Every structure is written in structure tokens, then in C-alpha cells.
Amino acid sequence: MEVKIGVQHTPREIVLESGLSAEEVEGAVGEALSGKAQLLSLTDDKGRKVLVPADRIAYVEIGEPSTRRVGFGAL
Numbered sequence: 005m006e007v008k009i010g011v012q013h014t015p016r017e018i019v020l021e022s023g024l025s026a027e028e029v030e031g032a033v034g035e036a037l038s039g040k041a042q043l044l045s046l047t048d049d050k051g052r053k054v055l056v057p058a059d060r061i062a063y064v065e066i067g068e069p070s071t072r073r074v075g076f077g078a079l
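Here the sequence shown is numbered in my numbering, starting from 5 and rising by one per residue.
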């Protein structure tokens, strides 16, 4: 699942592919924004951890799970 995180005062967004479900990502974002956690912590498909300070989060866009397409066939 693709997750895009906008950070305040930063021109680029953070984009990562995560194996988490949409509900799990939404729960982690909710905890960070409610003040239960000071950092939004997500792990991507390659095992890298992304930490974003909760007070700097501008937006989070949660994409739909996608299947990888292989080949050059017509759509």
C-alpha cells in the first residue's frame, strides 16, 4: 500500500510502500495526531523505518492496495 506523508515547511512529501493495512496506518496516524505518540512511525516493504514528528504532519494520503503488473500486455 502506498502512503504519502506531507511534512510542514518541506517542499517534498515522503512516499513509502508499506505492508500494513489501511486501518493499521490510519490507527498509527491517529495515535500520533491525538498526542498519544510524539512520532509517526511506519515501516516500508524493505524494512526501513520512517519517523515523522507528529506536530509536523501536514497530511497523510493512504492509497489503495495495488497488485504489481508484469509484462507489456494491453490493458
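Fair warning: there could be bad hints in the mix.
[What the hints assert, rightly or not] Once the Cα atoms are required to be at most 25 Å apart in a straight line, the calculated DSS-like pairs of lysine-lysine come out as:
#, residue 1, residue 2
1, Lys53, Lys40
2, Lys8, Lys50
3, Lys53, Lys8
4, Lys40, Lys8
Think of the hints as simulated: they come from the structure by calculation, not from any bench. The structure displayed is predicted, hence computed values, not measured ones.
Check each numbered hint from earlier against the structure, then list the numbers of those it violates in ascending order.
-> Result: no hint breaks.
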